[in-house]
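S.K.: So you can see what is in the structure, the chains are spelled out below.
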Amino acid sequence: MAVDVAGRSQGLPDYLNHRAAYSGILSWVLSTDHKRIGVMYLVSQLTFFLVGVALGFVMRLEMLTPGPTVISNPAVYNAIFTVHGVIMIFLFVIPGLIASFGNFFLPIMIGAKDVAFPFLNLLSWWLFMIGAFVAIASLFTGGLPDTGWTFYVPYSIQTNTNTTLALFGVFILGFSSILTGLNFVTTVHQMRAPGMRWSRMPLFVWAIYATSWIQILATPILGITLLLVMLERVLGIGVFDPARGGDPVLYQHLFWIYSHPAVYIMILPAMGAISEIIPTFARRTIFGYKFIAGSSLAIALFGSLVWAHHMFTAGIGDKAAVIFSLLTFLVAVPSAIKVFNWVSTLYRGSIELRPPMLFALAFIFLFSIGGFTGLMQGALALDIHLHDTYFVVAHFHYVMFGGTGFALFGALHYWFPKMFGRMYNEKIATIAWALMFVGFNVLYFTMLLMGWLGMPRRYYDYLPQYQSWHVVATVGSWILIAGVLLMVGNLLVALKRGEKAPDNPWGGVTPEWSTSSPPPVENFEKTPTFSGGPYDFPTEVAR
Amino acid sequence: MSQTATPGSGGQAVLREAEHHFDYTGRKLGMWLFLFTELLLFGGLFIAYAIYRHVNFADFHVAAKDLDLVLGTINTVILLTSSLTMALSITAMQKGNRKLAVWLVVLTVLCGLAFLIIKYFEWTAKISHGIYPASPELMKLPPGEVRFFGLYYAMTGLHGLHVLIGMVLLIVMAVVIARKPFRVHSFRLDDADETMAGARPAIVDGDGKPLWKGGIIDENVEQVSVVVRLKPGPQTIHPSDYVSLENAGLYWHLVDIIWIFLFPLFYLIT
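In order, the protein sequences belong to chains A and B.
So in our numbering, the last spot in the first sequence is 552, and the numbers never skip.
So in our numbering, the last spot in the second sequence is 1548, and the numbers never skip.
By construction, these hints were calculated from the structure, which means they are not laboratory data.
All figures in this text were calculated on a predicted structure; none of them were measured in a lab.
Treat the hints loosely; a few may be bogus.
Unchecked claim - Okay, the calculated beta carbon distance ranges per label pair: (1) A:Val342 with B:Ile1329: 24 to 34 Å; (2) B:Leu1439 with A:Arg28: 35 to 45 Å; (3) B:His1531 with A:Arg357: 56 to 66 Å.
To be verified - Computed footprint of chain A on chain B, listed as stretches where at least three residues anywhere in the stretch have a Cβ under 8 Å from a Cβ of chain A: (4) 1320 to 1328; (5) 1426 to 1432.
No residue lacks a Cβ here, since even glycine has one placed at the ideal position from N, Cα and C.
Input sequences plus hints: build the corresponding full structure.
M.R.: Take a look at the structure:
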């Protein structure tokens, strides 16, 4: 893409160093600068991620041997998998790449100075932190949480733990998500710089745009569902409680009407980031730009119509089950379109295997496994066999950790020099990537097999015949965690002592690479104008 | 009133508006998106209603007879009237009639208050008859009626909360309109130090006759700007003066339209 940033000078203070109205920590938590808000989201999300990882580590350790290993009380195990789920889902992958990198790069990529509603943006972050605080506080007050992250009724109505407060926390988090979504949709519609047509928007912007729509349209359903459970617990209005005439399956419907689209909130921006990384490191125009952009919207649409595939064993009608199974197979099509286009982009490209690209390639591999195992569960007969086993857990981790997680780390390595103006040690980053990739597969592929053999999820104890599998999986978790810690350590060191990064270390052509690293407060010296396609590489054009 | 800045040296001073870029369409778009989310929030409840009414058709029919149709109808009329006063208030503001706009907003808030008071009497009457969620009286009724009243309290309760939020929003709007009569525009004159040194700023009329003259711009002056304070009147009204009121109005109409659906679904299905 040709970006005209006439009169750009290097002399502008960047967003990290400019003098704001407040100093110190206040210059961050009261800043309406989308870049600072993006960084704050990133830091808070990664912190929650590490907490979630620690809980996962303890869970795997407990499963090393049958019977009690490190946890003597099974209720503590229930609490740990609940907290692991709540933190990882609501505080890490749902805000995922949209709140962090979306905030930081969406305005830059369309040549805007900021988002449409900067103050609302800051409010979203505050609501996120308040919601996180309430949710976590609820987990440590009033007994050990034991509902799992799905809060299924009637158990979540009957249990004596502090579920009402947890639900309220998630309700607030939903509000934050909605405000971010409507902010980004308005930004994309109203704030594009001259020449930034819809057909020229980088694919990450398209992904963020589609995701924002899901956030707007799906999150309110979760809001009302949680509100009804709260009313049920406090007043006993009897909408879900079978003892009072309610229908618990209705809860499952309403919950998954949000929570299935929510997995696309988690994965779509990740796919957007992959669509940025791959052309840059293959030095090739993305293959099938329109199809990748359109498939984001198609996923947003079809993804909203498949929720009941979580409920094949919950007693829904045969006719409904067949329809939802069919729709589930259909939603795989746009995802596959993306994968084919990425692979076609690589074909005859000048591929450079640097850390962001390695993460992107790992994403394609792991996401494909996650996608295929998802289809297996979409098949009605097979789902009866696989329901509530480790197979489901492993599938979900392949999609969410192997997919969104690896894409987020890829995006982090891709945009780190742009965001902080410093380079990390690429060798260590590569070693960390290798450890994570190997550890991930040892852990979760083993869990796929174990689930196939019938190991149920969420069990504290198991039959001795599964032990060798559990040992392998637990060792895998150690390798994986070693990789994660190495990666985080490497980036933290780079933040302090990394070499100064050039403005465009990877030779990218999307708009963010034409401003300085880190970007100035208003992103560009003057409003840029755009011409040409988003992924026109000069070298390729010459060829 | 025409405002002109005349740099004495005749140099090419650039007028630059320092105020943040105002995007009318963006503000409206953001509000409409928010209203979508509100519709979907209630949508979940309407789905629950649709399912349970389908399953317990007869019970819903019987239970609806317990609601007070007269009070419900009065409330519907009140809310519809409030939507009228809201719309009138926005039109008044668009035409620059600030005073009338404030009074119409106040009238709208009073309608909302009347609605809530009547709702309060309806609820307390029900509760005094022992019909409230999880009450022993209610539990004796068939499950369909329990569901009806559960949904009745949840839906009218959430709607009432929205009326309350709307009223707070409108009170804030009334105060803002009443207290902040001026729209301030600040224009920075660039290159003040070079081309305007030694000049004297002035306001001139159409014939070039000076209406007002300022002091000399000497080396102590670092920045020259023109500050315009505009009173929103019939001639000077600008979308930024009424976009917030319009958005608050949109919210109020949403609250109204939700009631338009709640009223027949609970009161008129007997």
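S.K.: Against each hint, give a clear statement of whether it holds in the structure.
M.R.: Hint by hint, here is what the structure shows:
no.: 1; hint: A:Val342 with B:Ile1329: 24 to 34 Å; result: holds (31 Å)
no.: 2; hint: B:Leu1439 with A:Arg28: 35 to 45 Å; result: holds (43 Å)
no.: 3; hint: B:His1531 with A:Arg357: 56 to 66 Å; result: holds (57 Å)
no.: 4; hint: 1320 to 1328; result: holds (count 6)
no.: 5; hint: 1426 to 1432; result: holds (count 4)
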